[in-house]
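**Q** With chain A fixed as given, assemble chain B onto it according to the hints.
Number of protein chains: 2
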Amino acid sequence: MTTTQPDSIVLSSSLVDENMDEMISDLQILIRQPSVSAINEGLEECALVLSNMMNKAGIKTELLYLEKPSSIKNYQVSALTVAPLVYGEVKSKSNPNGKTILFYNHYDVQPVDPIDKWDENPFSGKVEGNMVFGRGSSDDKGEIITRLKAVEFLLKKTGDVPCNIKFLIEGEEEIGSPNLDKFLLKYAEKFKCDLVFWESGYIDDKGRVIISLGQKGILNVELKVNGPLRDVHSSLAVAIENPAWVLVQALSLLYDNNDGKILIDGWFDDVQQPSERELKQIAKEFFDGDSFKKEYGINTFVNDPSGFEQKKSLATAPTCNISGLFSGYANEGVKTIIPSTATAKIDFRLIPNMNPKTQFNKLVSYIRSKGYSEEQLEISFISGEPGYRTPLNNEYVDLVVDAAKKVFSDVILNISSPGTGPMYSFKNLLNVDSICIGSTVLLNKMHSPNEFTNIDLLNKATKCFIEIIRKMAQYK
Amino acid sequence: MTTTQPDSIVLSSSLVDENMDEMISDLQILIRQPSVSAINEGLEECALVLSNMMNKAGIKTELLYLEKPSSIKNYQVSALTVAPLVYGEVKSKSNPNGKTILFYNHYDVQPVDPIDKWDENPFSGKVEGNMVFGRGSSDDKGEIITRLKAVEFLLKKTGDVPCNIKFLIEGEEEIGSPNLDKFLLKYAEKFKCDLVFWESGYIDDKGRVIISLGQKGILNVELKVNGPLRDVHSSLAVAIENPAWVLVQALSLLYDNNDGKILIDGWFDDVQQPSERELKQIAKEFFDGDSFKKEYGINTFVNDPSGFEQKKSLATAPTCNISGLFSGYANEGVKTIIPSTATAKIDFRLIPNMNPKTQFNKLVSYIRSKGYSEEQLEISFISGEPGYRTPLNNEYVDLVVDAAKKVFSDVILNISSPGTGPMYSFKNLLNVDSICIGSTVLLNKMHSPNEFTNIDLLNKATKCFIEIIRKMAQYK
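Chains as they are written, first to last, in this note's numbering: chain A, 1 to 476; chain B, 1 to 476.
Treat the hints with care, since some could be wrong.
The list treats identical chains as one, so a pair stands whether inside a single copy or across any two.
[What the hints assert, rightly or not] In silico DSS-like links for lysine-lysine, alpha-carbon gap of 30 Å or less:
| no. | residue 1 | residue 2 |
| --- | --- | --- |
| 1 | Lys224 | Lys370 |
| 2 | Lys476 | Lys406 |
| 3 | Lys166 | Lys294 |
| 4 | Lys224 | Lys261 |
| 5 | Lys293 | Lys370 |
| 6 | Lys312 | Lys294 |
| 7 | Lys157 | Lys117 |
Think of the hints as simulated: they come from the structure by calculation, not from any bench.
Only chain A is shown next, with the shape it has when bound in the complex (with noise of 0.2 Å):
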């Protein structure tokens, strides 16, 4: 394959063909190092992996902090709020005055429960044929190990980088970034660059590479129903009212399963509609609705949309999930009681001009609104962010269109994936959009039991990032 490429590309396959065990090594120890950032779990210990990392790799790294405690020195691991935050850096030495490209990733990786259902310990990292597998293999270390070796196989062979390339990796992703912009206001001058690349992008499974250009926004949420003092003898149930059905009452309220509709007045108000240019592109889109029902073991989709409304909701739509419900007695056999609390958890995935906290209080007014006091049933704001698409004319698209089309079999292009990530901070805090490409297929089980990546994927994400780290150059 590699003969009918130009001679970039030729290069950049040797390189990076010859080197994948490295790669794959590297990966394993990132993922052999736990980092779940809901229990703060491992965090500075995986940034401390990943800077000596970085930096043998010939990237200028440093570990940046929001209040760094005196109690840390000579990089000493000690209990922080904040997980910290690696940075790191290459200067061009060839065009020192050219663009300059961020990649924006993250450390940190989501639980690994239900425990019982991983077929192997989640930080095992073992290889399987094609298949590296670990909590974090794809979701992010794989993304991170492509850029990282991208960069690090160019300075290797050539000794410098066509453009200037900066890193930062965070560890609080996956609990929503809730740190991230006083870490951008802060380092405001440090990340300043031309162009984000984001923490992930997802490939099909044809093979075609899907290039993401927006992300929704989330709100998480905690509701918690009081009711006894403690859990009560079920018997009482004709006198005490059960906290359980309360919150069942009150979740009711808030979306109609029927037809997948989000109840909540006014949640809808300051949806930003996609443009006509947006829905054409929606409409080129790929989906396998039946591979996609088979993969995850469902029989229709939510509210049986057509393929095309389909695509749209996955780019355009709100959610309200219920991530976590949890009352009473959850074990085998029969505990006969009135439970004292009830909580659930949820999510709404928001569009681009939704903003958490207004959308949170307009939750708030609407449960107030039913009837539901202060003190019956709490609603706590756990964390969100706001939503952002990158125009479909923002001016480095076509370069990575370009890039992607001379490693991959085809390129996608999406508005907007359906999952979220802080993009709109970057927009808002350094005035600079972002673009999603990577290595990770939808069926990688990412916050799932037995999380996988694909060494071949990752092999052909590692030549794109080169391949697109080059044609920077040509902008001055």
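**A** Frame of chain A, contents of chain B only:
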């Protein structure tokens, strides 16, 4: 106080008062042996501890099995699927052809979680002032000890008991007595008796003993909604139906929390309505709503009834109670997933004449009629038993009331407890009525953390049972 009592009570009082330390010490031995039927923990061990104690007291004891596995030799502990039943018997020498009373109790206890809400080890048996703490201290080991000691003290003092005594102490009451019927059938001859004393009875906060003649039935079910094959990234909630939403929707069709009404078609068809005499008896009962509310930290009662209606509900209303609700991520922080399953545990208290299997079938038909398929929403029958009320004109009711009046400040006759027990099985299979009288205070935190029993009430209940046994000698 004893100076104003007739002879028999003077004798009972000194008998009991002189041996309270021994009684508490033996109760601690029982508490310290965990016996959690929901998780099959320590059941046979507890049966052995208890039968040894009864043997020492002079009660001829044996362990009964439905099917004794060959692996059990010399009472060695092994893994059984059915907890053994402890049977005890004392024949009256002076009155061998007189009446026989049977004490029905259970040595199993409720699970201890939430374990972090206990101030002490739940199996400590710690004594503090008038209280003995621990899971089972009140329900039902405290009740067992008063009956055991009443018989033991009589035997010690007089060398005889004035009527025949039997003990039937099962190990599966807290999971709905799934095998009691089989035991009653298999050992019907052994259990033959004229009156059953139920495993527990209440004393109100004014020290009035509540003699209860009935119990509600129960139906325990589990609803499980199946969603995607595994937990899935919640960004896909636009496409994949969330099983927690399906569960919320289905539950909201079962019960209207606003007016405390069960909505299942035909649910009330078979309910045995209280007789005129029963209604009059309900009207005579005491119920201190304010102290009840204060104890449980609630502001209002379900459906906000008047005093009479509240008392009537406790004795005669069915319930639909969520005892467990769980789906997805329950820990700290956020995990943005669509859970793969969502489950609810529900217990329904039933009124006499409601058959658990019939009610279960009504539940299933109702849910299926709402469009939920078996594949989507699994409905499991976990356990069930019908309710029963001993008629107010049973010939022994007055005897028990009279005995209780000699020991307690006042006596309340109650037509049915709000709780459940297999009273129906005794009527159905042994054709014998039951009366509940015991040492438990409604606020003893049965089924809750920090369960305790009151030493002064153990003392009184023991005296009362001695008195009852003596009075039974009058019946030939």
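**Q** Next, verify each hint and record whether it holds.
**A** Results for each hint:
| no. | hint | in the structure |
| --- | --- | --- |
| 1 | Lys224 to Lys370 | both (16 Å within a copy, 28 Å between copies) |
| 2 | Lys476 to Lys406 | within (23 Å within a copy, 103 Å between copies) |
| 3 | Lys166 to Lys294 | neither (40 Å within a copy, 62 Å between copies) |
| 4 | Lys224 to Lys261 | both (22 Å within a copy, 23 Å between copies) |
| 5 | Lys293 to Lys370 | between (37 Å within a copy, 24 Å between copies) |
| 6 | Lys312 to Lys294 | within (21 Å within a copy, 54 Å between copies) |
| 7 | Lys157 to Lys117 | neither (43 Å within a copy, 62 Å between copies) |
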